[in-house]
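So the protein sequences, as listed, match chains U and S. Position 73 of the first sequence, counting from 1, maps to 73 under this note's numbering, and the rest follow consecutively. Position 215 of the second sequence, counting from 1, maps to 215 under this note's numbering, and the rest follow consecutively.
Careful: at least some of the hints might be erroneous.
[Claimed, not checked] Below, in silico cross-link-like pairs of lysine to aspartate or glutamate (DMTMM-like), each with a Cα-Cα straight-line distance of 20 Å or less:
1. S:Lys102 / U:Glu92
2. U:Lys64 / U:Glu222
3. S:Lys195 / S:Glu214
4. U:Lys6 / S:Asp178
5. U:Lys4 / S:Asp208
6. S:Lys104 / S:Asp169
7. S:Lys104 / U:Asp185
8. U:Lys64 / U:Glu180
9. U:Lys4 / S:Asp135
10. S:Lys184 / U:Asp123
11. U:Lys4 / S:Glu214
12. S:Lys165 / U:Glu145
13. S:Lys110 / U:Asp185
14. S:Lys102 / S:Glu173
15. S:Lys102 / S:Asp178
16. U:Lys6 / S:Glu214
17. S:Lys2 / U:Glu135
18. U:Lys64 / U:Glu233
19. S:Lys165 / S:Asp109
20. U:Lys218 / U:Glu233
21. U:Lys36 / S:Glu173
22. S:Lys6 / U:Glu92
23. S:Lys184 / S:Asp169
24. U:Lys195 / U:Glu180
25. U:Lys218 / S:Asp178
26. U:Lys218 / S:Glu214
27. U:Lys195 / U:Asp185
28. S:Lys102 / S:Asp169
29. S:Lys104 / S:Asp208
30. U:Lys278 / S:Asp109
31. U:Lys36 / S:Asp178
32. S:Lys3 / U:Glu92
Calculated directly from the structure, the hints in this document are not laboratory data.
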Amino acid sequence: MTRKRKDYFTAFLFILPSLIGIAIFYIVPYIICFIKSLYIGQNFVGLTNYIQLFSNNTFLLALKNTAVFTVIAIPLLMVISFLLALFLNSFEKISSFFSSSFLIPVVVPIASLICVWQVVFDDYGAVNGLLNTLEFYTVEFFSSEFSMVMIIFIYVWKYCGFCVILFTAGLANVPKSLYESARLDGANSFQLVTKVTIPMITPTVFFVFLMEIIYSFKIFREVFALFGDYPNENVYFLQNFINNNYYNLNYPRLSSASIILSLFIIIVLLVFFIFERKHSVSE
Amino acid sequence: MKKIIKYIFLLLITAIFLFPVVFMIACSFMSSSQISEMLDFANGEYKNLNMIPEMFSLEQFYQVFFRRPEYLLKFWNSVIVTFPTVIGQVVVSSLAAFAFAKLKFPFRDKLFFAYIVLLILPLQVTLVPNYIILDNMDLLNNFLAIILPGTFSAFGICLLRQSIKYIPDSSIEAARIDGASYFKIFTRIILPQIKSGLVTLTLLCFIDNWNVVEQPLIYFDNSTMYPLSIMMSEIGNSDYGIIFACGVMFMIPALIIYFYGHRDIDLSFSDSEK
Chain U
1 MTRKRKDYFT
11 AFLFILPSLI
21 GIAIFYIVPY
31 IICFIKSLYI
41 GQNFVGLTNY
51 IQLFSNNTFL
61 LALKNTAVFT
71 VIAIPLLMVI
81 SFLLALFLNS
91 FEKISSFFSS
101 SFLIPVVVPI
111 ASLICVWQVV
121 FDDYGAVNGL
131 LNTLEFYTVE
141 FFSSEFSMVM
151 IIFIYVWKYC
161 GFCVILFTAG
171 LANVPKSLYE
181 SARLDGANSF
191 QLVTKVTIPM
201 ITPTVFFVFL
211 MEIIYSFKIF
221 REVFALFGDY
231 PNENVYFLQN
241 FINNNYYNLN
251 YPRLSSASII
261 LSLFIIIVLL
271 VFFIFERKHS
281 VSE
Chain S
1 MKKIIKYIFL
11 LLITAIFLFP
21 VVFMIACSFM
31 SSSQISEMLD
41 FANGEYKNLN
51 MIPEMFSLEQ
61 FYQVFFRRPE
71 YLLKFWNSVI
81 VTFPTVIGQV
91 VVSSLAAFAF
101 AKLKFPFRDK
111 LFFAYIVLLI
121 LPLQVTLVPN
131 YIILDNMDLL
141 NNFLAIILPG
151 TFSAFGICLL
161 RQSIKYIPDS
171 SIEAARIDGA
181 SYFKIFTRII
191 LPQIKSGLVT
201 LTLLCFIDNW
211 NVVEQPLIYF
221 DNSTMYPLSI
231 MMSEIGNSDY
241 GIIFACGVMF
251 MIPALIIYFY
261 GHRDIDLSFS
271 DSEK
């Protein structure tokens, strides 16, 4: 019993530095944020801020766009990077040049890439030049519903290589013998992937999913750099909404929007966390 | 034949990933007139993506290094903000990640879940309250205002917990039976085995702080303290040439760390051959 308690104490010591920092810089701010969401000025108003938020058209638009982006971009990125990881894994030996270049999009600073995207996606840019030669209409990437397509493309392009590297690291941990015995049992290559690979790399899938969510918030930096404070209605995300209210320091609206966003994330994560604990092989 | 197609496909993907960097480097050696011609969107002609400078020119680098020393100053600010954050985060998170991955204590999973939630909260949520706390601690207009919150980001803990989880429990138990303390297990068994995780964390944490934009704008009154990342977005449309030269200069530290460490990240490829 004492031994066990001593172990708890050691574990606690390992966490202590991070716990102190997290408490000061994250937990306390979060609580302050929640309290602020219940007030207007000095008056306690309960959930009024939340109710008002849901009758705000701009907020609903931002919510809709964020949902569309999340539902399309995250699974898309997941599937593409998983397939690419399988593809890389199928090489017997691969020059490190290729794998190195996969992380390049994450490494390059955002501000300098903006010029590149403008040259590519402008009304008279490279893509439209190509489309017109193939006798398609000009696509206005900066002022139509195709803005979303462009943002999703940039998101997938930027983080794809990173996710591929994470997936290959996970794939490397799957023992070769598992594949061999499954093949002896007569499994085809599709079954190998669905029945052996995916269950074995569930922790990695969970981790990639987590990273994708985190990075999906950071796409705001690109939207901001490409469109400024008020992007067209197709790419007006929740983060734009929060940011714009941040400029006029509308604390009640700001904090209630943040709390709703966090609640949404917590629910998604909770589902995934339970899923991971049920299916994780390593535990 | 199949092999050739596979290699062509691989080359194609790599080209897509590498394109912007090559483009940026190429542009940084162009004369400013060629760049403005290429980036002039008003004249209604299709833009050509020129990868080859018409005339090899160091004009823009000359501008950055000798004419506009403020850019070098900002570069140094970026260094001051980034390096302590990276070192702090690697130390703090590797300790905590070990406890979360391998030690047992009450509320472990619940606490970890709380960490994940904190990790994914968008920056905009914590920015205002953070400001109030930093103000009380008298840390505004101090580089610590960015360094301290960055050090305690939960990101590293999640990443390293992932690497440590793959280390078999048996090796830790064996060391316990031999009488090793947990700290000794941490330094002798865990750390050497998560080298690739540590390198990955260093790189990602570096990039994230290197690109910092929001915090300095709010925490610093004095724009001489701004890092280069902000300057780059503020140079605006007028001075594309300088952006490309600065962009290349800005990229170099990240690339150095990356190419120094990429062997460890790539270990995943060689492992699978066994």
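Verification of the supplied hints:
Between the alpha carbons of Lys102 of chain S and Glu92 of chain U the distance comes to roughly 33 Å, so the proposed pair goes past 20 Å and is violated. For the proposed pair Lys64 of chain U and Glu222 of chain U, the alpha carbon gap of about 19 Å is at most 20 Å, so the pair holds. Restraint check: the Cα-Cα separation between Lys195 of chain S and Glu214 of chain S comes to about 31 Å, which exceeds 20 Å; the hinted pair is violated. A hinted pair counts as satisfied when its Cα atoms are at most 20 Å apart, and Lys6 of chain U with Asp178 of chain S qualifies at roughly 17 Å.
For the hint linking Lys4 of chain U to Asp208 of chain S, the alpha-carbon distance of about 39 Å lies beyond 20 Å, and the restraint is violated. For the proposed pair Lys104 of chain S and Asp169 of chain S, the alpha carbon gap of about 12 Å is at most 20 Å, so the pair holds. Simply put, Lys104 of chain S and Asp185 of chain U have alpha-carbon atoms about 38 Å apart, too far for the 20 Å limit, and the pair is violated. Between Lys64 of chain U and Glu180 of chain U the alpha-carbon distance is near 46 Å, which puts this suggested pair outside the 20 Å criterion.
Between Lys4 of chain U and Asp135 of chain S, the direct Cα distance comes to roughly 42 Å. Violation of the 20 Å bound is thereby established for this hinted pair. A hinted pair counts as satisfied when its Cα atoms are at most 20 Å apart, and Lys184 of chain S with Asp123 of chain U does not qualify at roughly 61 Å. A threshold of 20 Å between alpha carbons decides the hint, and for Lys4 of chain U with Glu214 of chain S the separation of about 45 Å lies outside it, so the pair is violated. Proposed proximity of Lys165 of chain S and Glu145 of chain U is contradicted: the alpha carbons are some 43 Å apart, above 20 Å.
A hinted pair counts as satisfied when its Cα atoms are at most 20 Å apart, and Lys110 of chain S with Asp185 of chain U does not qualify at roughly 40 Å. With a C-alpha separation of about 10 Å, the suggested pairing of Lys102 of chain S with Glu173 of chain S holds against the 20 Å cut-off. Taking the CA atoms of Lys102 of chain S and Asp178 of chain S, the gap is near 17 Å; set against the 20 Å cutoff, the hint holds. Annotation: proposed proximity of Lys6 of chain U to Glu214 of chain S is violated, straight-line Cα distance about 43 Å (limit 20 Å).
Taking the CA atoms of Lys2 of chain S and Glu135 of chain U, the gap is near 33 Å; set against the 20 Å cutoff, the hint is violated. For a cut-off of 20 Å, the pair hint linking Lys64 of chain U to Glu233 of chain U stands: about 10 Å separates their Cα positions. Note on Lys165 of chain S and Asp109 of chain S: the hinted pairing holds, with a Cα-Cα distance of about 14 Å set against a maximum of 20 Å. Pair hint Lys218 of chain U plus Glu233 of chain U holds up; C-alpha atoms about 19 Å apart against a cutoff of 20 Å.
With a CA separation close to 48 Å, the supplied pair Lys36 of chain U and Glu173 of chain S exceeds the 20 Å bound. Restraint check for Lys6 of chain S and Glu92 of chain U: the C-alpha separation of about 12 Å stays at or below 20 Å, so the hint holds. Annotation: proposed proximity of Lys184 of chain S to Asp169 of chain S holds, straight-line Cα distance about 15 Å (limit 20 Å). Using a Cα cut-off of 20 Å, the hinted pair Lys195 of chain U and Glu180 of chain U holds, with the two alpha carbons roughly 13 Å apart.
Restraint check for Lys218 of chain U and Asp178 of chain S: the C-alpha separation of about 47 Å exceeds 20 Å, so the hint is violated. Distance hint between Lys218 of chain U and Glu214 of chain S is fulfilled; the C-alpha atoms sit about 11 Å from each other, no more than 20 Å. For the hint linking Lys195 of chain U to Asp185 of chain U, the alpha-carbon distance of about 12 Å falls within 20 Å, and the restraint holds. About 7 Å separates the Cα atoms of Lys102 of chain S and Asp169 of chain S, which keeps this hinted pair within 20 Å; it holds.
A C-alpha spacing of about 31 Å is found between Lys104 of chain S and Asp208 of chain S, which places the hinted pair above 20 Å, so the restraint is violated. Using a Cα cut-off of 20 Å, the hinted pair Lys278 of chain U and Asp109 of chain S holds, with the two alpha carbons roughly 14 Å apart. Proximity of Lys36 of chain U to Asp178 of chain S is assessed by CA-CA distance (about 53 Å); at most 20 Å being required, the pair is judged violated. About 11 Å separates the Cα atoms of Lys3 of chain S and Glu92 of chain U, which keeps this hinted pair within 20 Å; it holds.
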